[in-house]
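Sequences and hints are given; from them, build the entire structure.
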Amino acid sequence: MDATSHAFTANSRRALSDARLQEALHRLSDGFPARRRDAVARLPEFDQLRSEARAIKDHVLENLDGYLERFAAKVEAAGGHVHWCRDATEARQAVLDICRDAGAQTVTKSKSMVSEEIAINEHLEAHGIEPVETDLGEYIIQLRGEAPSHLIAPAIHLSKDQVAETFKAAHQDFPAERRLDEPRAMLEEARTVLRERFLEADVGITGANMIVAETGTVVVVTNEGNADLTMTLAKVHIAITGIEKVVPTLDDAAILLRLLARSATGQDVTVYTTFATGPRRVGDDDGPDAFHLILLDNGRSALMEAEFRDILRCIRCGACLNHCPVYSAVGGHAYGWVYSGPMGSVLNPGLVGIEEAYHLPNASTFCGACEEVCPVGIPLPKILRHWRERAFDAHLMPAGGRAGIRAWAFLARRPWLYRAVTGAIMAVLGLLGRRRGRFRYLPLASGWTAARDMAAPQGPTFQSQWRQRKRGRL
Amino acid sequence: MSTAREQILSNLRKALGRGPLSPDREAALDARLSDRRDTAIPARGRVEGRPRITAFCDEAARVGTTVARVPSPAAVPGAIATYLATHDLPTAIRLAPDPFLADLPWSEQAALTTSAGPARPTDAVSVTGALAAVAETGTLVLASGPTSPTTLNFLPDTHIAVLRADTIVGAYEATWTVVRTAEGALPRVVNWITGPSRTADIEQTLLIGVHGPHRQHIVLIDDQST
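Sequence lines, in order, name chains F and X.
To convert, count from 1 in the first sequence and add 2; that's my numbering.
To convert, count from 1 in the second sequence and add 28; that's my numbering.
In case anyone wonders, no lab produced these hints; they're calculated from the structure.
Among the hints, erroneous ones may be present.
[Unchecked claim] Chain F stretches covered by chain X per the calculated footprint, using a threshold of three residues with CB under 8 Å from any CB of chain X:
1. 58-68
2. 185-193
3. 196-203
4. 206-218
5. 244-251
6. 275-282
It should be emphasised that the depicted structure is a prediction, and the values quoted were computed from it without experimental measurement.
By construction, the Cβ of each residue, glycine as well, lies at the ideal position given by its N, Cα and C atoms.
Dropping the structure here:
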C-alpha cells in the first residue's frame, strides 16, 4: 500500500471528527484491555514468562543468521522451499512465480501483516490472479478496498451497519431484501460465500506467527480456522513471514504462545494453533502438494542496530495498540501504513523511511502504557525517542520547531537563565490570566489553544515554590 | 535466490558487528536446538493424576468444548449417537481412517451411518482420534497422518474427538515428547484445538462457528469415570 504517514496530522483530524470511528474505538478500549487483565490475573507466572520470552528473542536476534540457516535447512529437508527476499519487490515476484507455476486463478489468504507489507493482493490482481481474504475482518475490508486498522482486529473501525452495506453490495447472489441486522446473519453469509472460495482455491497464502528452527515448522494461530482451511485445501501452501520470526525450538514456541493470545484478545490460547512442516507426506489423504516459505527482510536487517533492535522482538499481539491513548483516539488508518499504534510508530519509520513516517514517533504522549503491557518488554517510548533524534538530525522538523528546540536547549543548559526566563514568563502570564484563569489564545501555542483553553499559571514557578517550601521546612 | 540469501545474512552479520558464527558458537546453537526446557511451565500445567483430568475438563468447558465421559471404547458409539440426537444433528458421520475407530461397535447404533476418509464438503459430522490433550488450557492435540486427515478437524460443522484419559498431559511441552516419539520427526501438521471456531470481527461481538466447526465435542474414555 502507498504510505500516507506523512499526512498523519490531517488523517488524525479526520479520524477525530468521524463519529462512527470514534464509537468503534470506544468499543475497542472498553474490551481488549479488561480481557487482557483478566487473562494475566489467571496466570501468576505471566511476568516470569515475559522475561523468558524476552531472553529467547534477544538470544535469537544475536544469532539470527545461524537460526535462519538452520530453519531453512529443516524446511528443505521436509520437502519445502525457502525464498529469501530482500524487499517487497522480490517477495511479490516470488509469490507470483509460484502462483503461475501452479496455474492459479484464485488464491485464498489468511490474515498476514507481512503480506500487507508487500501489497501482494494488488500485485496478484494486476496479473490476473484473484486473491480472497478469508479472515472475516480481512474479508470485509477487502470488499471495501480498505487496509486493516488493527493488527488482530482488522475491521475494528467499522460498525455492523457498514458491514451489512458492504455485504449487500458485494453478495449479489443473495436475495436483495434479506435481513442483515445482526452480526450472526452476516457471519453465516460470509461463511457460505467463503466456503466455496476455500474449495476452489489453487494456492493458499498464510502468514506465520513464528517459525521454528529445530523442525522447519511454521506456527499459525487463528480463532476462525481460516488459516487451516487455506493451507490444507489448496494444492500449494505459501507462508509469508519476516526474518525476525524465528525461534529456536518448539519449547520456545510454547512459551511465546502462552503470552500471545493473553496479550492480544485475553484468551489463554487461540482456538487454533497450527504447526505445519513441509508439504503432504506419503500416505496423507489431504494437505498441500507443495510448501513455500517467503522469508522477507524488507528493512528488518537495518533495524538490527542497537538503538532499534528491540522492536524485532515484537510478536504482533496488538496489546500496545489497545492500551495507547493516541491509537484509541485516532485508530489505525491515521498512521498511514501497515502497522499502527506504538509498535507501528517504531516499525514503520524503519520500513518506509523516517522521511515518510516522520510524524509517527511524535504521535505519543510517552505515557509508557505500551511498554508496560508489551509481552516481550520492548521499550517503545525509548525507541520513539531515538527516531525523534534521527528525524531531528535529518532536518525533518520544520524550521520553527527546530528553532524552538534550540532555544529551549540553550536555556536548559543554563539553569540560572532557565529559572530567570521561565520565572519571568510565568509571572507575566499569571498576571494576565488572573481574571479569567485561562487563555483562549496564546502566541506560539496556537496548536494547543486552537482546540482547548490553556490554564493560566498561578505566578511563581514550580521550582520557586519548591525552594520556598524547603526553606520553610528547614 | 542465493544472492538474496547471502546478502540478507551478511547484512545481519554487519549489523551485529561480526563475521560468520565461530565453530564454537555454531555448536552452541546446535546444542540449544536439542535443549529441552520445562522451566517455564506454569503451575497450572504441572497438575498430576486425577486432578489433571478434572483440570482439563474444566478448561475445555471454559472455551466451549463439551466433554462426555465413557468408561470404555465400546461405549463410544453410543455416546456419539446420544450427543448427535440431543443436538438434533445429522447421523451420517465421517470417521478418520484409524483402525482404533474402525473397530468400535458402530453397528450397535442403528441410527448412525459411518464412512471413513478425509472430509468431503458435504460431511456434517467428523469423528477423529486425538494424539493428546493439554490440561493447561483444555487443548486437544491432533497430528496429521494416514490415520488422521487434517480436513476432518476443520471442514465439518461438528468435530468429535475421541480421547483417552491417559493421553492428557499437563503442559504443551509434554505434547512435543508425544509427537516426537510417535512419528520420529514432527508430523506434517500438529493442530492444537481449543474450543469451537470463533470470531469477534464485527463490532467485537463474540460469535461461534466461523470457518471451522460450530461444535467441538470430546468423548473421553476414562475407565475410572463413574
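Tested hints:
1. 58-68: holds (count 6)
2. 185-193: holds (count 5)
3. 196-203: As far as the stretch 196-203 of chain F goes, the hint holds, because 4 residues have Cβ atoms under 8 Å from chain X.
4. 206-218: The restraint on the stretch 206-218 of chain F holds, since 3 of its residues have a Cβ under 8 Å from chain X and three suffice.
5. 244-251: Holds, because 3 residues of the stretch 244-251 of chain F bring their Cβ atoms closer than 8 Å to Cβ atoms of chain X.
6. 275-282: holds (count 8)
In summary, this structure violates none of the numbered hints.
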